[in-house]
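Residue numbers (full-length UniProt numbering), protein chains in the order written: chain A, 1 to 283; chain B, 1 to 259.
Since the hints were derived computationally from the structure, they do not count as laboratory data.
These figures come from a predicted structure and were not determined experimentally.
Heads up, some of the hints might be wrong.
Claimed, not checked - Taking lysine-lysine pairs in the DSBU-like style, the calculated list, with each CA pair at most 30 Å apart, reads: (1) B:Lys-190 to B:Lys-77; (2) A:Lys-29 to A:Lys-274; (3) B:Lys-77 to A:Lys-197; (4) B:Lys-77 to B:Lys-208; (5) B:Lys-130 to A:Lys-197; (6) B:Lys-208 to A:Lys-274; (7) B:Lys-117 to A:Lys-274; (8) B:Lys-208 to A:Lys-197; (9) B:Lys-117 to B:Lys-130.
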Amino acid sequence: MSIAAERTQNPTAAKAHRRQFAFDGTRLKQPLLALVLPILLLIGWHFATSWQAYSLIPPPHQVALAFWDLAVGGIRNDFFSGTLLTHVIASVSRVYGGFFLAVVAALPLGLMIGRVPLVRQTFDPLLQIMRPIPVTAWLPLAMIIFGIGPTSAVFLVFLGAFYPILINTVFGVRSVEPRLFEAASMLGCSPSAQFTKVVLPAALPAIFTGLRLGLGFAWMIIVIGEMTGVPTGLGAIIMEARQLSRTEIVICGMIAIGVAGFISDRIVLMIGRKLLSWSPNHV
Amino acid sequence: MSEPTPPILTLNNVGKTFEMQGQRIEALHDANLEIYKGEFVCLIGASGCGKSTLLRIVAGFETATTGEVLMWNQPIKGPDPSRGMVFQDYGLFPWLTVRDNIGFGPASRGRPRREIKETVDHFVDLVGLKRFADVYPHQLSGGMKQRVAIARVLANEAEVVLMDEPFGALDAMTRERLQDELLDLWERTKLTVLFVTHSIEEAIVLSKRVIVMSAGPGRIDNDIAIDLPRPRDVSSGEFNELRRSLSTKLHSHHAKVAA
């Protein structure tokens, strides 16, 4: 009763109070909702595998134990024990190595293709034919050219990340509103300065979309890349465990890739939000 | 010096023909016009009369097919900060704050940082956007965006302000307010304004001279001086008389085109 009276007397305070309350509610609701499906999946997985006398897919608790053993060791103390960090570091370095090479190649090329007709006419036909070739199809050639080892893996990751970055950069550069060039030129911005003052910032949202997609592809390609006979990496232990029928390790590798890919996407997203706070579509 | 002051803008037999899908379309035919410093001139006419084309030629965005356009007796060779443009769709840089949009011109012309800051502060204040100085364009209303667009050409020391239906996308209330603010700025700064509109009322409220244009091909038909005292009362008898006579002039040309 007294609270109600206070609220009517001080509407702004009441509103602020209510808003804060609603805010807390949504803040709790979102992670809870996000957990619903994984929990259902775990339950389904548990009942589908535990009630059988023999299951080719190990139940979740076995995978959890294997994950612990893979991460810190002390349970089975075998070939895989305590090696997770080594593999994660190997994969991360290849993913980011290939990804940064792709950025270095695709970004300037995309900017040029978008702005210079001569470059576009020279590169576009070849790139359009190369683009539909799946990265997996490059595997044999990569192994011949770069040999058996991490270089092939980095090359394949590079290929996977290259096209999304390139295509989105070209798109971003080509879809700059013509009005902005007119505005810049009547304000005294020279055509050469317009590249950094207008084209780059205007294309940035599309470029960022390309980077995000490229990094996602890089994580998808890494398993294929590490099938090229490298001893370390999350892709390598998945292949290794498969041959040894250690399916729980396969699943651990899959989970590790998922988590690592998710974290690296979040990092890019955070950088993007900082740089693109001006864009209504990116807030 | 007894010599008369030269016009700030001179158009001699200016024509523009576009090629569209193999067809030649004459957008502007033989336009002759002189505009003097400090004048507020409205270009009015139906769509297709070439008023926007004329403005874009003066801005330097388009080149005339025939004739010549001079500013202070020098041929116009392309866009220049001395002729600032205010677009109907604002044309603000979405990645820059209000402050940086207004400072874009001075920064492009290599002005020292301190001077830019002073200029920007002055013009942010002048258009009443102090509270919104660090906000991005997408967070502003249409009227505020247009104020930024006006401030950025003024901050860049434009001598001539070209306005292409600048208030066409705004609601009636905002439009009237911005008209008043623009007149106030014009009176205080002695700017030269060339203003395209299709509203007869807007033309009479604002201008010292109204240039009536007609279509097919676009050309200048009448050049009418508006001598009503300011501030102008849209409900007065003289205002309505002028409105009627301008309306007749515009519509008689329509009839001619249709016939």
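Outcome of the hint check:
Restraint check: the Cα-Cα separation between B:Lys-190 and B:Lys-77 comes to about 25 Å, which is no more than 30 Å; the hinted pair holds. Restraint check for A:Lys-29 and A:Lys-274: the C-alpha separation of about 25 Å stays at or below 30 Å, so the hint holds. Distance hint between B:Lys-77 and A:Lys-197 is fulfilled; the C-alpha atoms sit about 22 Å from each other, no more than 30 Å. As the CA atoms of B:Lys-77 and B:Lys-208 are separated by approximately 28 Å, the hinted pair is consistent with the 30 Å bound.
For the given pair, B:Lys-130 sits about 25 Å from A:Lys-197 by alpha-carbon distance, which is consistent with the 30 Å threshold. Distance restraint check for B:Lys-208 and A:Lys-274: the Cα-Cα separation of roughly 48 Å exceeds the 30 Å cut-off, and the hinted pair is therefore not satisfied. Note on B:Lys-117 and A:Lys-274: the hinted pairing holds, with a Cα-Cα distance of about 24 Å set against a maximum of 30 Å. Distance restraint check for B:Lys-208 and A:Lys-197: the Cα-Cα separation of roughly 38 Å exceeds the 30 Å cut-off, and the hinted pair is therefore not satisfied.
Under the criterion of a C-alpha separation no larger than 30 Å, the hint pairing B:Lys-117 with B:Lys-130 is consistent with the structure, at around 13 Å.
Against the hints set out earlier in the document, violations occur for numbers 6 and 8.
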